[in-house]
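A.B. asks: Go by the hints and put chain B onto chain A.
Chains as they are written, first to last, in the working numbering: chain A, 1 to 114; chain B, 115 to 259.
Don't read these hints as lab results, they were simulated from the structure. A virtual CB, placed ideally from N, CA and C, is assigned to each residue, including glycine.
Below 16 Å or equal to it, Euclidean Cα-Cα: the simulated EDC-like pairs (lysine to aspartate or glutamate) are:
hint : chain 1 : residue 1 : chain 2 : residue 2
1    : A       : Lys89     : B       : Glu157
2    : A       : Lys88     : B       : Glu157
3    : A       : Lys30     : B       : Glu136
Some chain B residues judged to face chain A by a derived CB distance under 10 Å, without partners named:
hint : residue
4    : Trp137
5    : Arg142
6    : Ala167
7    : Cys170
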Amino acid sequence: MDIKVNVREAPGDCYVVDLSGEIDVYTSPKVKDAIGELIDRGVYFLVINLEKVRYIDSTGLGVLIGGLKRVREHGGSVNLVCTNPQIKKIFDITGLVKIFGIFESEDAAMKALV
Amino acid sequence: MNPVVEHSHKELVELRVPSRPEWVALARLAAATVANRLRFSIEEIEDVKLAVAEACTAVIQHEAHGEFIDVTCEALADLLRIRVRDSGRQGVARAQAPNMNFDEARIAGLGVFLIRTLMDEVSYDVSPQGTDLLMVKRLTAATDH
Chain A
1 MDIKVNVREA PGDCYVVDLS GEIDVYTSPK VKDAIGELID RGVYFLVINL
51 EKVRYIDSTG LGVLIGGLKR VREHGGSVNL VCTNPQIKKI FDITGLVKIF
101 GIFESEDAAM KALV
Chain B
115 MNPVVEHSHK ELVELRVPSR PEWVALARLA AATVANRLRF SIEEIEDVKL
165 AVAEACTAVI QHEAHGEFID VTCEALADLL RIRVRDSGRQ GVARAQAPNM
215 NFDEARIAGL GVFLIRTLMD EVSYDVSPQG TDLLMVKRLT AATDH
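Next up, chain A with everything else stripped away, as it sits in the complex (with noise of 0.2 Å):
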């Protein structure tokens, strides 16, 4: 079980962050500490990409959730890509899905974004 992170540059002043595999208390510290890089470097606008997470528990959302909090103090905003129905699921039961933006697609989640 692991998590793998890919971290790429958008148009725009944004980047997407591509999430594979399973983010539990294990894993969730990389995905933590690659946000975390990019927003001491000054990107405020992300997009996180979650299409290939097949797992995520409150440790994992408590990481996305530091993030856009930290993103906000600047004025930026992260926006999801999520199309497993029980990752959406786990967004809709903790309220999550009123806090960030989801979309279907990386294109719809990058224009809400700017």
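C.D. replies: Frame of chain A; chain B shown alone:
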């Protein structure tokens, strides 16, 4: 079929894992395997996986946890009963302890909230011997084959 008789036929799976993050995946997969034996739906199996992971995480993320986490899964005729125990002093109950900072408490609270939402019954007992969390997931009519 007499449900009382059915309850006497159970499969018991006991797992002891070190109280460390890298072992939570094994605990949740073990619980999911037992849930699968009971023919829960895929969505319900995912609920069980997440609830067990949150319970283990709650134990690990707090200071005074013990060396191991014991996960016991009892597959009965119409329900899955899961017990998560640590050998420290508190686990889930400490998730809302006042000495946590606000963000930590919110995330820990999220884990407890998820457990309570995803499982049908949740109770825990905190004693000097450790925290004993009991969760029950019932087979619904739609998934009971």
